[in-house]
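Chemist: Protein sequence lines, in the order shown, are assigned to chains V and S.
Per this note's numbering, the very first residue in the first sequence carries number 1; after that it's consecutive.
Per this note's numbering, the very first residue in the second sequence carries number 1001; after that it's consecutive.
The reader is advised that the hints may include incorrect statements.
[As the list claims (entries may be wrong)] The calculated label-pair distances, taken between Cβ atoms and stated as ranges, are:
#: 1; chain 1: S; residue 1: E1083; chain 2: V; residue 2: E177; range: 18 to 24 Å
#: 2; chain 1: S; residue 1: A1280; chain 2: V; residue 2: V375; range: 49 to 55 Å
#: 3; chain 1: V; residue 1: T31; chain 2: S; residue 2: V1393; range: 30 to 36 Å
#: 4; chain 1: S; residue 1: V1031; chain 2: V; residue 2: V297; range: 21 to 27 Å
#: 5; chain 1: V; residue 1: P185; chain 2: S; residue 2: G1070; range: 25 to 31 Å
[As the list claims (entries may be wrong)] A few chain S residues that face chain V, going by a derived Cβ cut-off under 8 Å, partial list only:
#: 6; residue: T1016
#: 7; residue: F1044
#: 8; residue: N1047
#: 9; residue: I1085
#: 10; residue: S1089
#: 11; residue: N1092
#: 12; residue: E1118
#: 13; residue: P1119
#: 14; residue: T1142
#: 15; residue: A1147
#: 16; residue: L1151
#: 17; residue: Q1174
#: 18; residue: S1175
#: 19; residue: Y1181
[To be verified] Here are a few chain V residues that sit away from chain S, every Cβ distance over 10 Å (derived from the structure):
#: 20; residue: V89
#: 21; residue: A214
#: 22; residue: L234
#: 23; residue: G242
#: 24; residue: L338
#: 25; residue: F383
#: 26; residue: L385
In case anyone wonders, no lab produced these hints; they're calculated from the structure.
Positions of the beta carbon are idealized from the N, C-alpha and C atoms, including for glycine.
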Amino acid sequence: MLTTFVTTTKTLLRRRDVLLWAVAFPLVLATLIHTMLGGLDEHYQLEPIDIVVVDDASYAEADGLSDLVSAMAADDATDAGPLFSVTYVDSQSEAEQTLAAGSYYGYIQVVDGEPVYTADSRKLELNSDPSQNIVKILLDRYQVDYELVAAMIQDNPQRFANADFIAQLTSDPDYIERVSISENPASDSLLYMFSVLAFSVIMMTTFSLSAIEAIQPRSSALGARRSSAGQSKLRLLFPTLGAAWLVGLLVLLVTFIYIRFGFGVSFGGKDLQVVATLAVGSLTVTFLGALISTFPVAHSIKSGTIAMLSCVLSLFAGLYGPFAQSLGDSVANNYPILAKANPARAITDALFSLYYYDGYTRFFECITALLILAVIFFFLSVFSLRRQRYASL
Amino acid sequence: MPAFRLALKLISRKRTFIALYIIGLTALGLVLVGSVENPTFDHFEENKPDVAVIDRDHSEVSAALTSYLGEHTVPVTVADEREAIQEASARNVAPYIVIIPEHYGDDLLAAFAADPAEPQVPQLETVINYRFFNGYYLDALTDGYLAALRLAVTGYSDLPLADQLAKADAAAAQSVDIEVYHADVETNAYANPMFYFQWLAYPLTAALMVLVSGVFSTVLHGEVRRRNLASPLSSQKLSSQVALGTMALVLISWAIVVAAGLLPMVGGFELLLNQPANFAILSLGGLVYAMVCAAIGFLVSQFGLRPQAENGIANIVSLSFAFLSGVFMGGTAMFSEGVVAVAHFIPTYWYSEAVLAIQQGEPLGTFWGYTGIVALFGVAFYCTALLVGRLRVKR
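Could you build the full structure based on these sequences and the hints that come with them?
Modeler: What follows is the structure in structure tokens.
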């Protein structure tokens, strides 16, 4: 068995085309993702909102509105800088001409003493761009304050003779404090790295596919020769699977080290646990590859199946961008069993759980799911291998 | 046309790859595009994100704030436990969580009373999902209500709290009028079919690279090449007939992916009915791009690699091209300038930009300009392939 293990390991490491595929692809992908999306988290920071203001007599007469707009356009409007980038025009027609260029969200105009906001129809995608909502809520707030103060003047005008009272009304304290609920704040770019690692794990299926095919009599002449030797199938199977798992893990470690130290991506100081996750993931896909290798079809179909499987499973693990992440989250929230049955998603979730949660409950749930999948794949592949016949009477 | 038939036979032997790459990856695109909500562009609709309020105070003030937020958002219940809050935030069940601390109402009113001009107010804690766009909006919403409450409490200090809250609630119900400006340029409401047209670059690149390189590798290298050289068919006729066979493959692949876009989950049929010119132009753009993919496959075939290596290269190239060109993200808006600069050297980027030009109602000249660049990429790949082939023959 040891000889089979050593020989299979050497054979797999000498398969340059397989190694190129299994090593180069994850490294290229990780480099791409890191280069492209390293600054992705800045995307979620607010950019100044381009708006047009009709600066006519009505606007000048609207108490406090110009102060609000100017305050929002000032450098200290938010921690990240100005909230509005304002272009002033003289009339509504000029505002619409300015909007026609397509780079503004809308224009503010005062009609009958009240502000009216006209939003550009091309910028009404509110789920991924909060700008229109923000303009509206700030104008609402102006309206609310205006109505309240107007009511107070009507109800109790003498109080406005007191300068202290007016100072009290104009103070604007901060009411909200953002807090992080985790020691390691999550980020979008990090999630893509987890997805890349999960994708890499799925690709390790290639090793067990090649290794198991080499012991199957109907897959190759080599397999036929090895089957005719006086060694039981199980004594061939275990060291072969062990070698495929080891080579897969080694390749994954290369990818992990590349991401961890090459790009300086932090895994929350839990590198050993990440390696353990990769080891379990590699075990699961080793058995998955063994199962696929038993399919009675040509090698090209099996390798194509693996390529397709990597793509499909990674889609729900969020590798293909924000839409895929939303889809994966939706499936995981509504059908948790499907998420657990997807090794790529389970690996991504395990890595995320390690990084984000204080405890290990979620992490162990994911690891348990991977181990259950491994057991299922193992028994299915053993069952399939045992029932195979070659040149049999 | 024996070589043409040979090419078709070689293509038909790669049925698995046709099924996996063209049908499989197209199906992935259908699932993904079908899961995206098509935004409305004709009217303004207040966005109501999922928000959880954890009320540890249970006072009149906290109840009023919770009620106000409930009207403007979709309330979600989250248990007041650290792990539950982590879970809800991480899984995007409640991307915005407001935690109202104990004694918040009393402390807030006391702060207003102690120093009305510069009150040292207690802080509400908010937990925001890292992928949540609407954090500032919800901050402003919450902040706005508390500001209205402060005005009501300060301005009507002689009234009981219930009346002050009623004043704040009544005022907070005010809202400005929102109108929608429709630009002269046609606003394209077909975001999902447009996203699909971007996505189809991925299956076309992967499939045509694998299939075309596979066909030409078989014909150009090894024993088959030697047999062909011994045959009475001239090299020119052989090449042109095989090229014709691959053109048939390009057309079939293109037709499959474009036809799949007509399925209801994508909404391409509505685009075809309402904007047939745009559909036709986008389809034509897809065809030009498919030919470029075939040229890349032709180039790969010149290197005489093993099928598995060609398969690997096709996967790496197709995924890299798609990622770099923003095909999976609906554009390159999320990328840094450096990455976009690199993407300019990829045909997929120009194809994706051409689709976006149609989506954003830009002049048709812009679309044709981008598609022309895509075609030039095809010419460049084809010429490079011929050069590499010539150099290999000379060796």
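Chemist: Now tell me, hint by hint, if it's right for this structure.
Modeler: Evaluated hints:
1. S/E1083 - V/E177: 18 to 24 Å: 21 Å, holds
2. S/A1280 - V/V375: 49 to 55 Å: Holds, at about 53 Å.
3. V/T31 - S/V1393: 30 to 36 Å: Since the Cβ atoms of V/T31 and S/V1393 sit about 35 Å apart, the hinted range of 30 to 36 Å holds.
4. S/V1031 - V/V297: 21 to 27 Å: 25 Å, holds
5. V/P185 - S/G1070: 25 to 31 Å: Given range 25 to 31 Å: holds, Cβ gap about 28 Å.
6. T1016: Holds - the Cβ of S/T1016 comes within 8 Å of chain V, reaching about 5 Å at its closest.
7. F1044: Because about 5 Å separates S/F1044 from the closest Cβ in chain V, which is inside the 8 Å limit, the hint holds.
8. N1047: 4 Å, holds
9. I1085: 5 Å, holds
10. S1089: 6 Å, holds
11. N1092: Because about 5 Å separates S/N1092 from the closest Cβ in chain V, which is inside the 8 Å limit, the hint holds.
12. E1118: Hint holds; S/E1118 Cβ to chain V Cβ min 6 Å, cut 8 Å.
13. P1119: 5 Å, holds
14. T1142: This hint holds: S/T1142 lies near chain V, its Cβ roughly 6 Å from the closest one there, short of 8 Å.
15. A1147: Since chain V brings a Cβ to about 7 Å from S/A1147, closer than 8 Å, the hint holds.
16. L1151: 5 Å, holds
17. Q1174: Status holds, d = 5 Å.
18. S1175: Because about 5 Å separates S/S1175 from the closest Cβ in chain V, which is inside the 8 Å limit, the hint holds.
19. Y1181: 5 Å, holds
20. V89: 13 Å, holds
21. A214: 15 Å, holds
22. L234: With a cut-off of 10 Å, V/L234 remains clear of chain S, as the shortest Cβ separation is near 29 Å.
23. G242: Since the minimum Cβ distance to chain S is about 24 Å, V/G242 lies beyond 10 Å and the statement holds.
24. L338: Correct as stated: the minimum Cβ-Cβ distance to chain S is 13 Å, above 10 Å.
25. F383: The assertion about V/F383 holds, with a minimum of 25 Å to chain S.
26. L385: With a cut-off of 10 Å, V/L385 remains clear of chain S, as the shortest Cβ separation is near 23 Å.
Going through the hint list in order, the structure satisfies each hint without exception.
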